[in-house]
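Counting from 4, one number per residue, gives the positions in the sequence shown under the working numbering.
FYI, nobody ran anything at the bench for these hints, they're computed from the structure.
Do not rely on the hints blindly, as some may be mistaken.
[Unchecked claim] DMTMM-like, lysine to aspartate or glutamate: derived pairs with alpha carbons at most 20 Å apart:
| hint | residue 1 | residue 2 |
| --- | --- | --- |
| 1 | K707 | D670 |
| 2 | K495 | E505 |
| 3 | K835 | D855 |
| 4 | K534 | E505 |
| 5 | K995 | D926 |
| 6 | K495 | E437 |
| 7 | K498 | D571 |
| 8 | K835 | D744 |
| 9 | K983 | E958 |
| 10 | K534 | D744 |
| 11 | K498 | E437 |
| 12 | K534 | D571 |
| 13 | K995 | E958 |
| 14 | K534 | E491 |
| 15 | K65 | E98 |
| 16 | K707 | D744 |
| 17 | K707 | D750 |
| 18 | K835 | D899 |
| 19 | K65 | E112 |
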Amino acid sequence: MLGPVESRSVSPVFVGRATELETLNDALARAAAGEPQALVIGGEAGVGKTRLVEEFATAAGKGAAVVALGGCVEIGADGLPFAPFSTALRALRRELPGELAAAAAGQEEELARLLPELGETAPTRGADRSDEEGMARLFELTARLLERVAAGRTVVVALEDLHWADASTRHLLAYLFRTLRTGRLVVLATYRSDDIHRRHPLRPLLAELDRLRTIRRIELGRFNRAEVGRQIAGILAAEPDPAQVDEIFERSDGNAFFVEELAVATHEGSCVGLTDSLRDLLLVRVEGLPESAQRVARIVAEGGSTVEYRLLAAVAQLAEDDLIEALRAAVNANILIAAPGGDGYRFRHSLVREAVGDDLLPGERSRLNRRYAEALETDPTLVPAGERVMRLASYWYHAHDPAKALPAVLDASVTARRRHARSEQLRLLERAMELWDSAPEDIRATLRPVDYTEVYPPCGCDPDTTPLRYLDLMAEAAVAGRLCGERERALKITKRALHLLEDEGDPMRAAWFWVQRSRLVQSLARGDGWKELGTAQQLVRGLPPSEVHAEVLAAAANWSMLRAPGPDAMSAAERAVEYARMVGAEDIELNARLTLGNLMVDAGHIESGLAQMYQVRDEVLARGLTSVVGRSHVNLPSVLEGIGRSEDAVGILREGLRLTQQWGLRDSEAWVWANLAKSLISLGRWDEAYAAAVNAQRTGQSAKPLGGGSNSLAHLALARGDTAAAARHLATSRASYGTHDPMPQNDLRMSCLALGTAAAEGRLLDARAEADRVLDAGFPPGTQRYVWPLLLAAAIAESDARAQALPAAQALPAAQEGRTAFLERLGDAVRKLTTGAPLWLAYEKWTRAELDRAEDRANPDTWSDVVTALEALERPYDLAQVRHRLAEALLAIGGDDERARATELLRLTRAAATHLDARPLVDATTHLAQRARLALTTAPPPTDPADSLGLTTRERDVLRLVSAGRTNRQIAEELFISPKTASVHVSNILGKLGVSGRGEAAAVAHRTGMFATESLPSGI
4 MLGPVESRSV
14 SPVFVGRATE
24 LETLNDALAR
34 AAAGEPQALV
44 IGGEAGVGKT
54 RLVEEFATAA
64 GKGAAVVALG
74 GCVEIGADGL
84 PFAPFSTALR
94 ALRRELPGEL
104 AAAAAGQEEE
114 LARLLPELGE
124 TAPTRGADRS
134 DEEGMARLFE
144 LTARLLERVA
154 AGRTVVVALE
164 DLHWADASTR
174 HLLAYLFRTL
184 RTGRLVVLAT
194 YRSDDIHRRH
204 PLRPLLAELD
214 RLRTIRRIEL
224 GRFNRAEVGR
234 QIAGILAAEP
244 DPAQVDEIFE
254 RSDGNAFFVE
264 ELAVATHEGS
274 CVGLTDSLRD
284 LLLVRVEGLP
294 ESAQRVARIV
304 AEGGSTVEYR
314 LLAAVAQLAE
324 DDLIEALRAA
334 VNANILIAAP
344 GGDGYRFRHS
354 LVREAVGDDL
364 LPGERSRLNR
374 RYAEALETDP
384 TLVPAGERVM
394 RLASYWYHAH
404 DPAKALPAVL
414 DASVTARRRH
424 ARSEQLRLLE
434 RAMELWDSAP
444 EDIRATLRPV
454 DYTEVYPPCG
464 CDPDTTPLRY
474 LDLMAEAAVA
484 GRLCGERERA
494 LKITKRALHL
504 LEDEGDPMRA
514 AWFWVQRSRL
524 VQSLARGDGW
534 KELGTAQQLV
544 RGLPPSEVHA
554 EVLAAAANWS
564 MLRAPGPDAM
574 SAAERAVEYA
584 RMVGAEDIEL
594 NARLTLGNLM
604 VDAGHIESGL
614 AQMYQVRDEV
624 LARGLTSVVG
634 RSHVNLPSVL
644 EGIGRSEDAV
654 GILREGLRLT
664 QQWGLRDSEA
674 WVWANLAKSL
684 ISLGRWDEAY
694 AAAVNAQRTG
704 QSAKPLGGGS
714 NSLAHLALAR
724 GDTAAAARHL
734 ATSRASYGTH
744 DPMPQNDLRM
754 SCLALGTAAA
764 EGRLLDARAE
774 ADRVLDAGFP
784 PGTQRYVWPL
794 LLAAAIAESD
804 ARAQALPAAQ
814 ALPAAQEGRT
824 AFLERLGDAV
834 RKLTTGAPLW
844 LAYEKWTRAE
854 LDRAEDRANP
864 DTWSDVVTAL
874 EALERPYDLA
884 QVRHRLAEAL
894 LAIGGDDERA
904 RATELLRLTR
914 AAATHLDARP
924 LVDATTHLAQ
934 RARLALTTAP
944 PPTDPADSLG
954 LTTRERDVLR
964 LVSAGRTNRQ
974 IAEELFISPK
984 TASVHVSNIL
994 GKLGVSGRGE
1004 AAAVAHRTGM
1014 FATESLPSGI
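My request is simple: use the sequences and hints to build the entire structure.
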């Protein structure tokens, strides 16, 4: 036995780390105040990360915080999916059983994927099909669970050894770091920095965390000489010899763990003759153990991060007393320690475990893995149920026994999928493909295609009697890769499968793989995916109805709805519904019916199309189909908004927010927020719309909801007069949508914003060019809800340019020369576009009125019709704009009745525009009232420099136009007076100012700051 000092190799005195502890304690204090904290602690192996976490956790526990520790588990070279989170949640369940149960209420089945104790986790095939957001939903529910548990008391979740983390654990941790917003919660993770080589899978996560300003990084450095001295004193319980401190400091280079090992070795006198190899240093005390203890250490090293006592006993095959004595020797020497749960053993430090494991001979390693696997097969209760399948697969794989490994690996892939650990599922399936040719034929013949591949037909008519084939594995792997984000790997697998199918004569499976390829090329921005879908349609043409056939038709219909709606898309959607019903594919049918309803509305069959979509929405809610609920609550309100039923859309979108948040459908939630922003803009609830648009940007995991939110923010900025902000948001929207897969619903909206921004900045030619570009491309059938706003924006730009006599319109001959042809082209587009919905009819009347105004043909009757059409709709900003136009037309007539009516219209307009903070419309309304000398308010007018010069209000208006370089005729047109009256006003102004000409009058106006907010032409 080793001397007493050996059990004290960990210093009882915590040395140094004052700054790091201060950072951790500050995070704890902030969390206690309700501000969630995220920290990442890095440092080389042995530098003291675990000791720092232990000291912090102990202090936090004394301060009434609940601490849940979880470590990434390594079995051989494999990590267990979500292992640290499962361990941490299990600790929380022990400490706070009531709080955790309440926080998980209603979501136990889903959360059981992380914590099996909450319920069964084996969903049926039908319930799990097309579960595109399964992993995201699990992540969102986990974040919400932690926030709820930490609502009433401070909770610390510490995850160690992130360098061993499986991909799913890394993804979940990144999600938590990005999304935690509330709760008294601290989440910290540690990793070994010297292990993070250029291709280490943790490296991208660390780079992402560096970009998040909410995360604090702590890098632990090595001890200095003074700290090493204090550490040695703690270990030896005596002041060390300075020369000894110098020697240990030099050899350890300040690494805390090496200081411990050297201190013990020096105290024993066993340092003499040691090489400089760190591996030799780590093995020196292991080699000093009795042979039985060394053997047990080697067994534990290969068993994983922790080995249960009963499993260790089964593998070691020692008499119980001999095993206990061997373990006692290893524990007394501080080589092994009892596991936190008290039912197993682990190495005190992973560096020692790695050194012992590296010392194993190749044959010895595979033999140990075989004995672990055989023991576990003999008695599955030797390990926790949640780890059994994954560990068995790892043991058999590292035992190099394909006959045993292949079935075990496939079972593990099923477990990984059911836990939404898609990255691990893909890794296991790729391992199965690697083992396939090495496994005996009779073993492969016993395997069945039992798992989930969406609608892929297993190779054989009856999955219960037909053996699994290699293509089935490839189908599983393609789905797993697509859903976990490893799309390059999935595309590579899909291409290989299609190459194999070239000689198979199997059009059904080939069509399925072509659909997968279509999805992958779209998500990888390699194309729009239509070529691949076209190939799939050709392959299934003429074949009997099947789930694959229905899926191909549904995918083609949905693609066409978004990019090229029309009769062909309608036909594909109808056949997809028919085929899906025939084969009982419920989710495909519901999705196809949503597509069909959308296309029916776009084709003018509004009520029947809406009835179809409402029916799907009701069925989805009744059956709780998470795979369709997101789309049903995004597409239906989008259609309602497009036909002007914004209030109805908001009601469904509010319901959609509740459901997507309840079920953790975060990307669908982002789409709901984006559509809600659009409807709230229409309803004049702009502050709410702004908040919804920001939520769309923050919530989504993919880029396109960000584009939708940015689009709404650009719309608001433009209406409020901030063209610079509008341009920025439009650029963000363009970047989010990309250029590889154009869709009319996105492109037309962005063109409308680009046109409006150009017009607002006085760039009439640019606005006209944008409209020409869209007109040249033509409008796909069914896109009228996006086209009408664009045609209206183009007509308004031309109308304002003419009515306001913009300098750009006057100064650019090209604008004048092309103007007539452009207006005719706009009019022709208006005549051809459908007006099947009240909103579209109102837009048609409005656009025609703007074109008439652009040609000086507008009259009050024309604008009265437009006002009447929009009064029937709930669109206050649109109504305010056309009321302004009607008031302008009435003032051009000039009668008392017309002036009284115009005054009331302008008051209503200004009230609405002021409420919305639509500054351009407020300014235009005020300016029109001033020109017509209408009093919109009883408040006294502001002081004006014109008063000191003795100018009347009308003379001030005339001087403003004189300063802008207008002729008497132009002044008369602008102010609704005769040219002779304008001339009299100019003469009076010159006399009052004591000047001889119009230029001198403009100079006086400029000098006195009379029109400081208005730009004057150069040269005046």
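Right, here's what the structure says about each hint:
Between K707 and D670 the alpha-carbon distance is near 10 Å, which keeps this suggested pair within the 20 Å criterion. Between K495 and E505 the alpha-carbon distance is near 16 Å, which keeps this suggested pair within the 20 Å criterion. Simply put, K835 and D855 have alpha-carbon atoms about 18 Å apart, close enough for the 20 Å limit, and the pair holds. A hinted pair counts as satisfied when its Cα atoms are at most 20 Å apart, and K534 with E505 qualifies at roughly 17 Å.
For the proposed pair K995 and D926, the alpha carbon gap of about 29 Å is over 20 Å, so the pair is violated. Between K495 and E437 the alpha-carbon distance is near 15 Å, which keeps this suggested pair within the 20 Å criterion. Taking the CA atoms of K498 and D571, the gap is about 28 Å. The hint is violated against a cut of 20 Å. Taking the CA atoms of K835 and D744, the gap is near 27 Å; set against the 20 Å cutoff, the hint is violated.
Between K983 and E958 the alpha-carbon distance is near 14 Å, which keeps this suggested pair within the 20 Å criterion. This hinted pair checks out: K534 and D744 have alpha carbons roughly 13 Å apart, not beyond 20 Å. A C-alpha spacing of about 17 Å is found between K498 and E437, which places the hinted pair at or below 20 Å, so the restraint holds. Taken as a hint, the K534 and D571 pair is honoured in the structure, with Cα atoms around 16 Å apart against an allowance of 20 Å.
Among the hinted pairs, K995 with E958 is consistent with the structure: their alpha-carbon atoms are about 10 Å apart, no more than 20 Å. Note on K534 and E491: the hinted pairing holds, with a Cα-Cα distance of about 19 Å set against a maximum of 20 Å. At roughly 14 Å between alpha-carbon atoms, K65 and E98 fall within 20 Å of each other, so this suggested pair holds. Between K707 and D744 the CA atoms are separated by roughly 11 Å; this keeps the pair inside 20 Å, and the hint holds.
Using a Cα cut-off of 20 Å, the hinted pair K707 and D750 holds, with the two alpha carbons roughly 12 Å apart. For the proposed pair K835 and D899, the alpha carbon gap of about 40 Å is over 20 Å, so the pair is violated. At roughly 34 Å between alpha-carbon atoms, K65 and E112 are farther apart than 20 Å, so this suggested pair is violated.
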